Structure formats: structure tokens, C-alpha cells
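There are 2 protein chains.
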Amino acid sequence: MSVGTLIKKMAVDAKAASRTLRQIGSPRKDHALALMAENLIKGQDEIIHENRKDLMKAEESGLSAAFIDRLTLSENVLQSMAQGLRDVIALPDPVGQVTGMWRRPNGLLVGRMRIPLGVIGFIYESRPNVTSDAAALCLKSGNAVILRGGSEAMHSNLILERLFREALAESGLPPETLQVVPTTDREAVYALLSLDDYVDLIIPRGGESLIRFVAENSKVPVLKHYKGVCHVYVDESADLHMASEICFNAKVQRPGVCNAMETLLVHEHVAGDFLPAILERLQEAGVEIRGCERTVAIAPEVTRAEASDWPEEFLDLILSVKIVSTMDEATDHIEKYGSNHTEAIVTNDYNRARLFLEQVDSSVVLVNASTRFNDGNQLGLGAEIGISTSKLHAFGPMGLEELTTTKFIVYGNGQIRT
Amino acid sequence: MSVGTLIKKMAVDAKAASRTLRQIGSPRKDHALALMAENLIKGQDEIIHENRKDLMKAEESGLSAAFIDRLTLSENVLQSMAQGLRDVIALPDPVGQVTGMWRRPNGLLVGRMRIPLGVIGFIYESRPNVTSDAAALCLKSGNAVILRGGSEAMHSNLILERLFREALAESGLPPETLQVVPTTDREAVYALLSLDDYVDLIIPRGGESLIRFVAENSKVPVLKHYKGVCHVYVDESADLHMASEICFNAKVQRPGVCNAMETLLVHEHVAGDFLPAILERLQEAGVEIRGCERTVAIAPEVTRAEASDWPEEFLDLILSVKIVSTMDEATDHIEKYGSNHTEAIVTNDYNRARLFLEQVDSSVVLVNASTRFNDGNQLGLGAEIGISTSKLHAFGPMGLEELTTTKFIVYGNGQIRT
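From first to last, the protein sequence lines stand for chains A and B. Under the numbering used here, think of the first position of the first sequence as 2, with each following residue one higher. Under the numbering used here, think of the first position of the second sequence as 2, with each following residue one higher.
No lab work stands behind these hints, which were simulated from the structure alone. Note that the structure is predicted; figures quoted are calculated from it, not measured. Treat the hints with caution; some may be incorrect.
With the C-beta cut set under 7 Å, the calculated list includes, among others, these residues of chain B facing chain A [said to hold, decoys possible]: (1) R115; (2) L118; (3) M243; (4) E246; (5) N250; (6) L380; (7) I410; (8) V411; (9) G413; (10) Q416.
Take a look, some chain A residues computed to stay more than 10 Å from chain B by CB distance [said to hold, decoys possible]: (11) E39; (12) I49; (13) Q80; (14) R163; (15) L211; (16) A216; (17) I247; (18) P277; (19) E294; (20) E314; (21) S371.
Heads up, the beta-carbon is just placed ideally off N, CA and C, and yes, glycines get one too.
So that you can see chain A by itself, here it is in the shape it has in the complex (with noise of 0.2 Å):
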């Protein structure tokens, strides 16, 4: 069978499955997320000996330490998750709520329901611990998926999808509410992306590169999540002791993810007090720092940003750092160089508050808070499979309600139009 063929076949089984799937309820689905998580662990030796020849060959093509460290499936990664099923158990079922309901004049009821997308192609790299979390997401939406994983994790994917199976098998549940793509080549892909009438969305995850490439490429519809270039702005009337807890927390806590700051704005009236000590407490913690010019006269060891810095994703102890003279300025940086992610703003000012928190562009826009809670779990969707940084149907995290949309239901007694 051509490649073609037999994603083809996936995506018209899968949207098959996807009619059963529409129709069951939530007993059946968090019965089967119970056993897949129970086959976790029932199967751990067989997944333990399986994500191995990954980690041979990885180790082969002599990928680093910290790519062979996320590929690693120990009793440990897979105890959590395991957990990270029972969790999704735990989550309301978006499915059949009906969000609103409404009397039209001529006696019309109109109601919004809450109904799964159908079909979702989730494109992402390595860790295999996505497969999981994403497969129980999909699932308990009332979604069929087909994963596209990455290359180094295959046999540690295709052991997880069989034994994942076997739950959905038990539980009553098409087999192909879940299915990985068996091979590496990139016209898997190709095909996926060009199954309009099959699959309903494609998620990427990874490296700009990848998600570019999808959103090129695709005539499926894709929520894509480009980089975080996330500002933190300390107003002149911050306390600047909360403004120092944040912005360390922002910028230190986990500087390789998408919601740690990458440029500090400050106000002019406040840098002289706030900045050298900030600064210093950073590069203690072993942050560089890139300032622009009014920073480098107030913190003479900085270095000088570049034009190339304020639009970086550093995705690292990096941060670039810009005294502003009022708080249009600092939202006109973010407009020109943020990428709509997450922006925050440190202030006692409420009208300043007020005003950052419409005008600024961004899926999560906070007020004396860190820009590390834009995450589903942080915000209480419960669990998220992305954030989205486009607009359309999601904008930031999303959780299972991203996983669905709704139609309209209408009770008549006999309406015709006149």
C-alpha cells in the first residue's frame, strides 16, 4: 500500500469511528481512559523494552543528552503518565452541554450544543508522553486522532497505540478512535494535510519550522502556536518588590517554554530604583542581559541589544531589557515586536491596569502576575493540548471545549417561513 493509501484509510477509519465516538457517553469513555492508564502500567516492561531501540538509536545518531533525557519512558514517566489519564477523568465532558438556549417570536427554541470537531491530526516531535496526554484529550472530546509523532519515538509510539487500543477495544470503543502513523516519511504528512474531507483540524507542536511548514502546507484547518515573545511591563507605580518576584519567576523559573519573559519594559520613573538590583539578582541566577541604551547607562556591565534582539524568542537565560517613558511606548513595542502570546503588566495604578489589560493583543494578559499562567492547567481549563497563537476558534490555551464546537438545535411545532 502507497503512503498515500494508507493514510487515506486511517482518516476514513477514523472518521468512522468518529460517528460512533459523537454518540457515547462519558461512563464509556472515562472507562476506557481507566484501563488505558492500567495498561500503562500492566504493560510498562514491554513499553520500557520498546522505547529502548529509540533510545539505541538515538544515542547513535548522537542526539544530546537532554533530547535522549524527554525520550526516556521510565516506571516513573509512565506512572505519571498514568496519572495524567485518571486526571483527564476527573474533567467535566464538554459534550451535549448546551451552552445556551433561546425563544425566538414565532416560538422557536434555539439552542447552541456542545458537539466534538470529528476528526483531529496531531502533529508533534519526540516525547512520547504527548501521545498520552493528547490520546486522552481527543478521546474524552469525543474525538478521534491520528498522532504523527516524531521519527526518534516511533517504536515507543506504535507500543503505546497498541496497548492503548486494546483499552478502547475492551471498553466497547472503535479501535480507530486512535491511531499512530506507522511510518517516518514526511509524505504521511503530506497526505494528512491534504484530507479536507476527513480530518476536521490539525494541531502541530514543536519547533517554528514544523508549524510553518503545516500551516503552508495544509487544507485541513490548523491551530497553530508560533513562538512567545512575552513582555513584562513594570509601570511607575509597581511595587517593585512584587515586580522583582515576577519578573524573576517570569524570566528564571523555566526559561525554554513559551510563557517565560523575553524583553522587560520600564518605566523611565522607576528604572534608576528597580533596574540594578533586578538585574543583578538575574545575572546572579545567570541570566545575560541586552539592554538598550538608557539601561546600559544606568547597568554599565550590560551589553548593548541589537535590533535582532527585541523580536527574539531566546527560549533561554537571555533577556532584553528597555526603558520606556510612558506606557504607550511600552505597548507599542509589544505591538510591533510581541507575538500576541502572553504580556503582563506590573502596576498600583488602576486606570494603567485597566488600559493594558484592552489594549494589549495577546490570548493571556495579565495584571501582577507572572506570564508563566498562560497554561490550561494554570488557568483552570484543567489540562491543555496547545495555545494557540491565532486568532480563529481558540486564542491561548486550550482545553477540551477547544476540542469541540456547536450546532444548533431548533424545537418547533410546525414553523415554516413566511
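Using the hints provided, position chain B relative to the given structure of chain A.
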């Protein structure tokens, strides 16, 4: 200036305008809408003069009388376009609405605030009154819009643009809120579809080939409205008088639109009682019937349906009719041949009604009412910019809310992640 450079400049200007627009309250937007309505009346001589150029060209090109009728801007049409603008003033402004807010255990107050999408590209055919409707809905929802109308309406669209932009300027709004693409060059469409850094959404409205072209060539997200192959299923428990009224209305009231019935499905237990009378009534109204084998056995004068009739959107006084043995056979038929647009059941059986509403995967599913109610106005959304048959972002009629998205707003008092 090349076409590509021109469109890029329009998109950059639109994005700049959208930044201003998203911070403007309802009174100013409503004021602009009122002035736009006024300018349609004050400028009617100019508009009719320009429209006549389009009409002359259409006549020379030998376009149909129906086409020329839809293209014509008379005093009456302008009055009703002005009324359409005033109707949008009366609709609630979705921008700034907070659709939910909750407190996290750490004290963070998290909410979702409605915001405009940004820049919308609207690609449509012929009728210049769509220019006015689309301009009004985009403005009210805080979006800048780039309009690419049919080449046959170019003079009409350009004079509308000038008069509307005068109204925008008089209200202190950026004139780049509304831009008409001033060329019929196909390059302009390609260019618009490639500008995903500036344009947030493309809405195509017109024939299936236009929509497929846009969907297949766009890097910008597209909300598609494909065909409507709408079904009415008359259950064995139906009130047959009601069924007759609904079927007649769904087929005959306006056969050329997407929410008209194309296929009638009848339960075998009532086919003998129901079909002869309704088919006669439909035929008297000029409807051509194409029936399944069992239908032809009951009504021998009916043409036998071909396999190609079932997935067909006739958009005309033609109806395919099929007798089914069970409701499952009806929903299987809908699943196979339907277009996820609009489906109705006529029944007095509570459980059948409930099952049909849940099982049928269409943007609007009705019990005991005509399919013709799939319309933003009729369902209570106010006005509509189109009907989406893709599930992402909006499924069904799109009103003002569907031209917005939500961002997360977070109120903290110093929270950091641990």
C-alpha cells in the same frame, strides 16, 4: 505599483486601522454606521450613476436578467441597504464582553474577554448590497475589512467605498477600516490569501468553485460555506399535515438558497398516506420529483432518481425522495450524502426527536420546523455574514459574535509559579 505591493499595502493599512478600531466603543461605531446610512441616501444619484456603468457592461456581456436584477441599485434597494446599516446599530456590541470569570485557588481572577479578530478579507461575487452588509458587521465587531467583490460590480463597490469612508472619517475612525480591492486581477486574490501576518480571517461567499479555490490557496484561516444538501425526514409518528406544510415550505418558498430542502426521506409506514398528496402538491408548484424505487412504486409518474441525485444541491425546483425502513436508515443516508448544513425531522415521538437532534452532525438540526430557518436573523443572531459548514470557530450562521474571539484576562496581586 504591482498588484502584490498594492494588496500588501492595503493589508498593512488595515492592520494599523484594526489597532485603533479595537479600542473604540460602541457609540462611535454606531455614529459611523448612521452616517454611512445617511450617505447611501444623500449619495443615491452618484451611486445609481456608477451602478449604471456596471449594468451596461453586464448587458453587453450578455449576463442573465436575473443576474442584472441582483446587480441593480435602485432607490428602493438603497433604502433597504440603509435600513440594514441601521439594524446593525441596534445589535449589541460583542467587543469587551466578558464571557466568564473564575477564581483560581492561588487567588488569580481569570476571565475571557471578547475582542475583534483584527483584519477580515471578504471575497464574494456580484451583489453590491453584500458590500454594505459586510462593511457594517465588520465595523460593529471592531474589525477592519478588505472587500474583494465581483468584477461585475466594481464601479458600484468603489462608489460605496468612497461614501462609506467619508462617513468613517467624519466619525473620526480610520478610513482604512474599509477598503475595496480596486482591481479584478486574480493576482490580487492570491496576494490577499498569502498575507497571514496581516489578515486574520478570509470569508469567501459565492459558488462552490470560488470557495474551493480560496480554501485550497489560502495561508490565512478560511471560514468556508460549501453547499447545502438539506434533508427533511418525515417519521412514522409525524403529524402529516404539519409534515406537508414543512416540506412544501422547505422546498418551494425559495428553492435557490442553501437552506432549501433537496432530499425528502419518508418512513415506510407513512409513505403510502403521505407521499401521493405532498408529491402532487409539490408538482403543482412546479417541482420535479426524482424518487427511489419504492417511491416510484407508489407514484408511478415520478422519474427514477439516479445515484448522482442524492449528493446533489439542486438549488432549483427539483427534489429527490427516498422511502426508508427505519430512522437509522434516514440518518445513515444523511451521513453519507448530506453536507453538514441543515437537517429536520418531523415527528411526534419524543425519543426519535431527541435521538435525531443528537445524532445528526449538521450546523442546524431542527424538530418540527422548516430547514429555511438556518439563517442568522431567523435564529436570533441579528444579522449574518455567512453560514459556516466547517466546524472550526463557527458552525452554522455567523453573526457579530462569530467575528470576534476571546482573550484571557488575569487579575493578580503578585502571583508567581512555583
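We went through each hint and held it up to the structure:
Taken as an interface hint, R115(B) does not check out: its beta carbon lies about 11 Å from the nearest beta carbon of chain A, beyond 7 Å. At a threshold of 7 Å, the smallest CB-CB gap from L118(B) to chain A is about 5 Å, leaving the interface hint in force. For M243(B), the shortest C-beta to C-beta distance to chain A is roughly 4 Å, which falls under 7 Å, so the interface hint holds. Here the hint on E246(B) is kept, as its CB sits about 6 Å from the closest CB of chain A, short of 7 Å.
Interface hint at N250(B): satisfied, since its Cβ lies 4 Å from the closest Cβ of chain A, which is below the 7 Å cut-off. Taking 7 Å as the C-beta contact cut-off toward chain A, the hint placing L380(B) at the interface holds, the least distance being around 5 Å. Residue-level restraint check for I410(B) holds (minimum Cβ-Cβ distance to chain A is 5 Å; threshold 7 Å). Annotation: V411(B) was flagged as interfacial toward chain A, and the flag holds, the nearest CB pair being 4 Å apart, inside 7 Å.
With a least beta-carbon distance of about 3 Å to chain A, the hint placing G413(B) at the interface is held under the 7 Å criterion. At about 4 Å, the closest approach between the beta carbon of Q416(B) and any beta carbon in chain A falls short of 7 Å, and the interface hint on this residue holds. With a closest Cβ-Cβ approach of about 30 Å to chain B, E39(A) is found to remain outside the 10 Å limit, as its non-interface label requires. For I49(A), the requirement that its beta carbon stay farther than 10 Å from each beta carbon of chain B is met, with the minimum near 31 Å.
No beta-carbon of chain B comes within 10 Å of the beta-carbon of Q80(A); the shortest separation is about 22 Å. Listed as outside the interface, R163(A) is consistent with that label: its C-beta sits roughly 30 Å from the nearest C-beta of chain B, beyond the 10 Å cut-off. No beta-carbon of chain B is positioned within 10 Å of the beta-carbon of L211(A); the least distance is around 16 Å. With a cut of 10 Å on Cβ distances, A216(A) falls inside the contact zone with chain B, its closest approach being about 7 Å.
The non-interface label for I247(A) is inconsistent with chain B: the shortest C-beta to C-beta separation is roughly 6 Å, within 10 Å. Look at P277(A): its CB is around 21 Å from the nearest CB on chain B, clear of 10 Å, so calling it non-interface holds up. No Cβ of chain B approaches the Cβ of E294(A) within 10 Å, the least distance being about 27 Å, so the stated non-interface status holds. Every CB of chain B is more than 10 Å from the CB of E314(A) (nearest about 16 Å), matching its label as outside the interface.
Look at S371(A): its CB is around 5 Å from the nearest CB on chain B, not clear of 10 Å, so calling it non-interface is violated.
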